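**Q** Which chain is which? The protein sequence lines are A and B, in order. With UniProt numbering, you'll find the first sequence wraps up at 390, consecutive numbering, no jumps. With UniProt numbering, you'll find the second sequence wraps up at 144, consecutive numbering, no jumps.
Please keep in mind that the hints were generated in silico from the structure rather than gathered at the bench. For clarity, every value in this text was computed on a predicted model and none was experimentally measured. A hint or two may mislead.
As the list claims (entries may be wrong) - Chain A side only, calculated, beta carbon under 8 angstroms to chain B, not exhaustive:
hint, residue
1, H131
2, L136
3, A142
4, Q145
5, A148
6, Q152
7, W199
8, T250
9, G254
10, S255
11, N257
Claimed, not checked - A short list of chain B residues far from chain A (calculated; beta carbon distances all over 10 angstroms):
hint, residue
12, H28
13, A55
14, D126
15, E129
16, E140
Using N, Cα and C, we set each Cβ at its ideal position, and we do this for glycine too.
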Amino acid sequence: MAENNKACIVGIGQSEFTRWGGIHDRSQFQITAEAISAAIADAGLTVNDVDGFASFSDDENEATLMQVALGVPVLRWSSMVWGGGGGGSIAALSQACAAVESGQAHTVVMYRGLCQGQGQRFGQAGKKRVHGNYILPYGLFAPPQMLALMMQRYMHLYPITHDHLAEVALNARANANRNPRAVMYEKPLTREDYFNGRWIAEPFRLYDCCLETDGACAVVVTTKERARDLKAPLIEVASAIHGSGPGWGTGPLGSHNMPDEDYASTNSRRLAPELFARAGMTPADIDVAQIYDHFSGLVLMALEEYGFCDKGESGAFVAEGSIRWPNGKLPINTSGGQLSEAYVHGVNLLLEGVRQLRGESTSQVKDARTCLVTGGLGVSPTSGTILRRH
Amino acid sequence: MSYFPKEMPRPVPAMNDTEFLRGCAERHLRFQACAACGMLRHPPMPICSHCHSTAEKWVEAPTTAKVYSFTVVHHASHPAVKASLPYVVALLEFPALPGVRLVSNITHVDPSEVRIGMQVDLWWDDIGEDMFLPRFRPMEKIKA
Chain A
1 MAENNKACIV GIGQSEFTRW GGIHDRSQFQ ITAEAISAAI ADAGLTVNDV DGFASFSDDE
61 NEATLMQVAL GVPVLRWSSM VWGGGGGGSI AALSQACAAV ESGQAHTVVM YRGLCQGQGQ
121 RFGQAGKKRV HGNYILPYGL FAPPQMLALM MQRYMHLYPI THDHLAEVAL NARANANRNP
181 RAVMYEKPLT REDYFNGRWI AEPFRLYDCC LETDGACAVV VTTKERARDL KAPLIEVASA
241 IHGSGPGWGT GPLGSHNMPD EDYASTNSRR LAPELFARAG MTPADIDVAQ IYDHFSGLVL
301 MALEEYGFCD KGESGAFVAE GSIRWPNGKL PINTSGGQLS EAYVHGVNLL LEGVRQLRGE
361 STSQVKDART CLVTGGLGVS PTSGTILRRH
Chain B
1 MSYFPKEMPR PVPAMNDTEF LRGCAERHLR FQACAACGML RHPPMPICSH CHSTAEKWVE
61 APTTAKVYSF TVVHHASHPA VKASLPYVVA LLEFPALPGV RLVSNITHVD PSEVRIGMQV
121 DLWWDDIGED MFLPRFRPME KIKA
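Isolated chain A, as found in the complex (with noise of 0.2 angstroms):
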């Protein structure tokens, strides 16, 4: 591929977050345009330049509607990855790059828009699922259920102690305490808390699990040659893909038949080299990471899988304060994450990533230009960036 035809990201625009339900005087359509309008305006861009939309995972916000709602003349691009929950939200970036760099269109927003009130909530059962036979009549309803029998046989193999899964939730909360924009502002949670905190599927507490939130987010993607007549620092897009291991498509939200070698693990083994390949980078090239969590043992995982640290050692990474801003070797959820920030399936963290290497970050880290972000871990497709500043 031609360098002037890499795929940069060149905007980034989001609703408020609230809490689950805290959005109700407007539709979630209406949230979702309102992200993808305030993304393209943030590019120094107008309706009159994109022409493409992509999400992911029965996204309800339509790109064929969306381009009638914001009066795109041409839509050449319209893209939904299957299944994988949050685990689609890197791969609706793969997806948009991947639409720029082969021509297929110009320049393609990314989106997500989530309004747990007006919908379904995702920590509660309804949601119909692939093999539900197998689980529901079991009283296996929901991701943290679900999850947790995999972080569970984890625990059983590694060493890895409800300790470690607190310095992944405190640390989320305190980068939160940071940032305006989170739910959890201003709301600070100590070690006490976290241990008080009630079960919900063992060994998850409380904290452990993802906030439920209103929100929607949209990035802009477009060529590096249009990107560097644009206002915004260039962002490279350095690689991101999506994929899975054998097993994993009816795996922890079905019937947990995942290969005995992979079964507790986030399914990132084979992805995580590939993405570094791609962007012909090591792990130790990470200036910063915003790692999907949803719930906190399976960043834990992915610190492993990413590379990061060696199987079975995430725990003692955490525990010396590797994941902690400023003075950690690896700042990780900068924005508080999706513990703490919001959770609008996983692309709250793609932004951040694009705010890190702006310099934008509210739990800035110096001289950032390299940041990982991943997508839904535990899932397929799950996916993963590498994003680049020039």
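Assemble the complex: chain A is given as a structure, and chain B must be docked to it using the hints.
**A** Chain B in isolation, oriented as in the chain A frame:
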């Protein structure tokens, strides 16, 4: 009297599920296997992922299993389970049947006593309308 209240979701026969559920209704736990290469698969699928044969057979599972993983559920994500909290959802393996695991419940034990590797024994829970579901209880509880 079933382990969960009658408001609990019931299995609804679908394309590949019919034979598995027929087994349950007859109180036989059977896994699907490829009739050509013998590879086991669960949940049931219309084609063998190994040899792509669509011919299938059904293999009776042992009545004892081993806990591969589990969770103790404390939060009701469905109104039907409110009175059953906390309950144990376990993932069970059958060492004689490689490649298939079953999601079920561990009953007749304090949830705090459940461990990975624990041996459990199958019992059939009558959920009414001529349907039974496989659930499990610890072996040592049966001896005692």
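**Q** None of the hints should be skipped; say for each whether it holds.
**A** Status of the hints after comparison with the structure:
no.: 1; hint: H131; in the structure: holds, 5 angstroms
no.: 2; hint: L136; in the structure: holds, 4 angstroms
no.: 3; hint: A142; in the structure: holds, 4 angstroms
no.: 4; hint: Q145; in the structure: holds, 5 angstroms
no.: 5; hint: A148; in the structure: holds, 4 angstroms
no.: 6; hint: Q152; in the structure: holds, 5 angstroms
no.: 7; hint: W199; in the structure: holds, 4 angstroms
no.: 8; hint: T250; in the structure: holds, 6 angstroms
no.: 9; hint: G254; in the structure: holds, 7 angstroms
no.: 10; hint: S255; in the structure: holds, 5 angstroms
no.: 11; hint: N257; in the structure: holds, 5 angstroms
no.: 12; hint: H28; in the structure: holds, 16 angstroms
no.: 13; hint: A55; in the structure: holds, 20 angstroms
no.: 14; hint: D126; in the structure: holds, 13 angstroms
no.: 15; hint: E129; in the structure: holds, 13 angstroms
no.: 16; hint: E140; in the structure: holds, 20 angstroms
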